[in-house]
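Asker: Using the sequences and the hints, build the whole thing.
Count the sequence shown with UniProt numbering and you get residues 1 to 461, in order.
Calculated from the structure, these hints are not laboratory results. Because the structure is a prediction, the values reported are computed rather than measured. For glycine and all other residues, C-beta sits at the position ideal for the given N, C-alpha and C. Among the hints, erroneous ones may be present.
[Said to hold, decoys possible] Cβ-Cβ distance ranges computed for the label pairs, FRET-style: (1) 287 x 340: 16 to 24 angstroms; (2) 33 x 413: 29 to 37 angstroms; (3) 109 x 441: 49 to 57 angstroms; (4) 404 x 298: 47 to 55 angstroms.
[Stated by the list, open to error] Here are the simulated DSS-like pairs of lysine-lysine, each with C-alpha atoms no more than 27 angstroms apart in a straight line: (5) 65 x 326; (6) 129 x 115; (7) 129 x 116; (8) 19 x 326; (9) 65 x 313; (10) 115 x 19; (11) 110 x 65; (12) 65 x 115; (13) 117 x 140; (14) 110 x 191; (15) 326 x 313; (16) 191 x 129; (17) 313 x 116; (18) 129 x 65; (19) 313 x 115; (20) 19 x 116; (21) 117 x 65; (22) 432 x 19; (23) 432 x 110; (24) 140 x 129; (25) 65 x 432; (26) 110 x 129; (27) 313 x 117; (28) 110 x 326; (29) 115 x 326.
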Amino acid sequence: METEASLILGIDLGTSSIKVALVTQGPNPHVETTLSRDTGLVSGHSLSNFKIFYLPNEHTQDVGKIFQCLHILLSTIPPRLMARVTAITVTGQMHGVMGWLGSDLAILEKSRTEKKKLDANVSGGGCGKLITWMDRRCSKEFLDSLPNPTRSEKPFTGFGCATILWHFKNQPEEFAVTPIDVEQERDIFEKAAVLRKTSVGSPTQRPTIIGNADDCKSFASQTKSRSISQSPLPSLFRPVQHTPWTCIGTVADFLVACLASLQRPIMSPQMAMSWGYFDMENNSWDFHALNASGFTLTHLLPEIVPCGTEVGKLAFDWEGVPAGAKVFVALGDLQCSVYPFLEHQRTLNGIGACNISTSAQIAFKLPAGVEINAPTSSHSSPTSTCNADSEGVFERLLTSKRISVWPFFHPNERIVVAASLNGGNVIERFIKMLRVWCRQLGCPAIETAQVNLFNGVGGGG
1 METEASLILG IDLGTSSIKV ALVTQGPNPH VETTLSRDTG LVSGHSLSNF KIFYLPNEHT
61 QDVGKIFQCL HILLSTIPPR LMARVTAITV TGQMHGVMGW LGSDLAILEK SRTEKKKLDA
121 NVSGGGCGKL ITWMDRRCSK EFLDSLPNPT RSEKPFTGFG CATILWHFKN QPEEFAVTPI
181 DVEQERDIFE KAAVLRKTSV GSPTQRPTII GNADDCKSFA SQTKSRSISQ SPLPSLFRPV
241 QHTPWTCIGT VADFLVACLA SLQRPIMSPQ MAMSWGYFDM ENNSWDFHAL NASGFTLTHL
301 LPEIVPCGTE VGKLAFDWEG VPAGAKVFVA LGDLQCSVYP FLEHQRTLNG IGACNISTSA
361 QIAFKLPAGV EINAPTSSHS SPTSTCNADS EGVFERLLTS KRISVWPFFH PNERIVVAAS
421 LNGGNVIERF IKMLRVWCRQ LGCPAIETAQ VNLFNGVGGG G
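Answerer: Structure follows, in structure tokens:
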């Protein structure tokens with residue numbers, strides 16, 4: 001009897017939906033099964049039930065519900081297929097950032113050992129909420145006050161590095177401002193758990209926040225606030241939320257870290273570029289610029305490894321997948337979405353791709369031999385000198401930030417991207433408006449099949 005082919009489990013943790021696929025390995029791969037689920041269905045019929053709004057312009061998502069939605073999807077796949085999985089790849093929404101604790105504190109141990117699933121330890125203070133790319137707390141004045149990059153791009157609001165620096169200034173208890181070793185981390189975690197129980201019922205569960213007017217001040221001149229990582233016990237003058245997060249990454253990076261039991265987060269250049277302050281040519285963080293902020297991020301920012309890197313093995317039997325399966329570094333959802341189309345450019349030039357998910361992007365592969373000049377760079381080198389033939393509209397668009405250059409899958413491969421914040425989110429809002437009109441006019445409600453048709457146009461990512 002012929003042995004069945006091994007399978008690759010692909011996971012996409014999107015902003016509004018989660019998708020999984022099982023694909024055979026080998027020279028002629030084919031898809032065994034695909035599944036998709038709207039994340040809003042975990043806690044209700046509307047996506048608004050999935051979002052948690054605490055402050056004006058704050059946009060977060062519950063990581064526990066994201067993992068629960070993933071579990072629901074995977075539990076519907078026949079066990080005989082899951083048993084054939086020997087590799088796991090993850091992609092997901094870019095730009096966003098979440099924090100968690102190392103030493104396996106971010107996941108409920110009982111769920112992993114007994115239920116063979118991943119339950120995020122959100123209520124226990126092991127991991128935090130996902131601050132998505134739609135977060136708008138970083139005002140223009142705050143962004144203008146951030147240090148100028150040297151060999152990288154300055155982040156926009158909703159980008160990981162900007163979000164982290166905003167928290168260092170306004171909510172310093174969120175992320176660890178100084179390194180914490182494993183023993184200290186667990187000790188503070190246990191003390192914070194006790195104090196968090198005693199603070200239940202407090203009128204507010206948020207630390208004191210600096211007003212928006214202070215955003216206009218020079219960022220580097222802000223005084224560093226002490227976090228509970230710098231004292232034996234958390235402050236008793238405000239409700240205790242959690243131990244300052246010692247690990248950070250995108251939600252896809254978090255899933256990879258949990259599957260492989262990584263003690264420190266690992267990130268691909270695709271995800272790192274989406275955070276800002278990432279030197280694409282040297283494949284490293286722009287620490288020279290980041291240190292000018294007055295804060296040190298060396299202990300927080302993930303290690304960068306090339307796309308396609310195996311970061312570890314599946315540390316336990318999970319959802320029917322045997323332990324030992326290869327786990328690869330998480331990839332950006334934009335690059336994964338346009339990859340099937342832009343790869344044809346190896347044999348056919350002039351191909352562009354338009355991706356419509358929650359947002360939208362148009363991308364094409366930068367032709368080989370075309371060198372670009374990073375507008376924000378203060379250094380000049382042969383690799384950053386623009387070809388004379390490439391100057392003109394392209395360079396002006398780069399300088400104006402209307403387009404940007406992003407890493408692709410292979411070394412030295414780049415794609416040019418023009419991005420829009422509007423995409424499937426506009427289609428979703430349009431559908432809600434139509435439903436309201438139908439209800440007010442006494443017309444039949446829009447059927448689910450019709451909504452799925454709209455989602456097919458909008459990507460539903």
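Asker: Against this structure, judge whether each hint is valid.
Answerer: Taking the hints in turn, this is what the structure says about them:
1. 287 x 340: 16 to 24 angstroms: 35 angstroms, violated
2. 33 x 413: 29 to 37 angstroms: 30 angstroms Cβ-Cβ, so the 29 to 37 angstroms window holds.
3. 109 x 441: 49 to 57 angstroms: Hint holds: Cβ distance 54 angstroms, inside 49 to 57 angstroms.
4. 404 x 298: 47 to 55 angstroms: 25 angstroms, violated
5. 65 x 326: Holds: residue 65 and residue 326 sit about 25 angstroms apart, inside 27 angstroms.
6. 129 x 115: Status holds; Cα separation ~23 angstroms.
7. 129 x 116: At roughly 23 angstroms apart (the allowed maximum being 27 angstroms), residue 116 and residue 129 satisfy the hint.
8. 19 x 326: OK: residue 19 and residue 326 at ~19 angstroms, within 27 angstroms.
9. 65 x 313: Holds, at roughly 25 angstroms.
10. 115 x 19: 22 angstroms, holds
11. 110 x 65: 17 angstroms, holds
12. 65 x 115: Holds, because 17 angstroms separates the two Cα atoms, which is no more than 27 angstroms.
13. 117 x 140: Not OK: residue 117 and residue 140 at ~42 angstroms, beyond 27 angstroms, violated.
14. 110 x 191: Distance of about 21 angstroms is within 27 angstroms: holds.
15. 326 x 313: 5 angstroms, holds
16. 191 x 129: Roughly 21 angstroms separates the two Cα atoms, so the pair holds.
17. 313 x 116: Since the Cα atoms of residue 313 and residue 116 sit roughly 15 angstroms apart, the hinted pair holds (cutoff 27 angstroms).
18. 129 x 65: 10 angstroms, holds
19. 313 x 115: Satisfied, since the Cα-Cα distance of roughly 19 angstroms is no more than 27 angstroms.
20. 19 x 116: 20 angstroms, holds
21. 117 x 65: Answer holds: residue 117 to residue 65 is near 13 angstroms, not above 27 angstroms.
22. 432 x 19: The given pair, whose Cα atoms are some 23 angstroms apart, holds under the 27 angstroms limit.
23. 432 x 110: Between residue 432 and residue 110 the Cα gap is close to 40 angstroms, so the pair fails against 27 angstroms, i.e. violated.
24. 140 x 129: 24 angstroms, holds
25. 65 x 432: 23 angstroms, holds
26. 110 x 129: 21 angstroms, holds
27. 313 x 117: 16 angstroms, holds
28. 110 x 326: This hinted pair holds, its Cα atoms lying about 23 angstroms apart.
29. 115 x 326: Answer holds: residue 115 to residue 326 is near 21 angstroms, not above 27 angstroms.
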